[in-house]
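> Sequence:
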Amino acid sequence: MNLRLSLDQVLAQAAKLPALPQIVAQIIDMLGDEEASVESLSTHIVSDPAIVARLLAAANAGALGTGGRITSVRQAIMLLGVGRVRDITLATAIIDRYKAAPPFDAHRLWLHSVGVAVCAQEVARIAGLDPDIAYTAGLLHDIGQLLLFAVNSAAYGQMLTLKAERDMDIVEAEREYLGLDHAHVGGELARLWKLPEAVADAIAAHHVSDQHEPESELADVVHVAEVLSYALDLGGFDDARVPNLSVLSCARMGIDWRSFADHFPRIEARFVTARITLGL
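According to our numbering, the sequence shown is numbered sequentially starting from 4.
Please keep in mind that the hints were generated in silico from the structure rather than gathered at the bench.
One or more hints might be untrue.
Claimed, not checked - Here are the simulated distance ranges between beta carbons:
id, residue 1, residue 2, range
1, 170, 52, 39 to 49 Å
2, 52, 84, 19 to 29 Å
3, 32, 182, 33 to 43 Å
We treat Cβ as the ideally placed atom computed from N, Cα and C, and that holds for glycine.
With the hints as constraints, model all of the structure from the sequences given.
Right, here's the structure in full:
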């Protein structure tokens with residue numbers, strides 16, 4: 004069976020995925036900017052009705068019992084906080100835009116990706132890294148799967164069937180049947196989209212954490228976050244296997260799992276909130 008694809012062939016057809024919407028580029032530009040104001044966020048967000056609707060819904064859900072109704076983006080940002088507004092804006096703009104037809108389960112991919120994004124934020128906080136950038140990397144870590152499916156849906160569908168039949172890890176199945184994997188493809192796609200280099204590196208390395216250099220801290224974060232999301236069953240998938248956890252990644256970030264377990268309830272609560280807010 005010859006399903007093999009080359010990286011050049013895949014990236015040449017990247018136009019089969021829609022370009023990143025302008026609001027995503029603007030929000031990503033604001034990541035890590037402590038000076039990003041409520042007004043500047045409001046100015047960008049009001050141009051996207053879907054994002055406005057989700058923000059107002061989330062804000063009003065949080066305002067229950069206060070006696071007031073949130074009717075403006077500015078009010079929503081003041082109530083939710085800049086960090087959560089960024090999360091909702093990025094997730095809404097990306098999830099609504101990047102979908103796929105069966106046998107690819109885009110709903111499952113995005114549910115998992117939000118789980119990884121939420122875990123990545125908490126891991127990044129413990130490791131002293133930027134939680135906003137970690138959220139972005141977690142949310143986009145599997146974007147290469149969508150591109151591989153868009154390039155050759157029949158081949159990717161066959162790969163998924165064979166993966167299930169042989170109970171294989173997805174990266175192993177992709178490499179065996181397609182000749183490349185979604186992590187590498189996703190990292191190159193992120194570079195094509197001119198996302199921050201740290202995000203591109205993290206996407207590319209999240210399945211090969213023991214093989215990258217210590218300075219790839221964000222890759223460590225996303226790798227650990229993915230394992231954690233499966234361990235906490237954030238996607239609720241009966242057939243999901245928990246990936247092997249890199250001891251090196253944990254050591255490089257100084258994670259002590261006995262104390263980190265105290266953060267699990269917060270992660271699970273934030274995932275439930277995100278899932279409700281995003282309609283997943």
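> Within 39 to 49 Å: is that where the Cβ-Cβ distance between residue 170 and residue 52 falls?
holds, 43 Å
> When you take the CB atoms of residue 52 and residue 84, is the distance between them in 19 to 29 Å?
This hint holds: roughly 22 Å between Cβ atoms.
> Just to be sure I understand the hint, the distance between the Cβ atoms of residue 32 and residue 182 should be within 33 to 43 Å; is that true here?
holds, 35 Å
Of the numbered hints given earlier, the model fails none.
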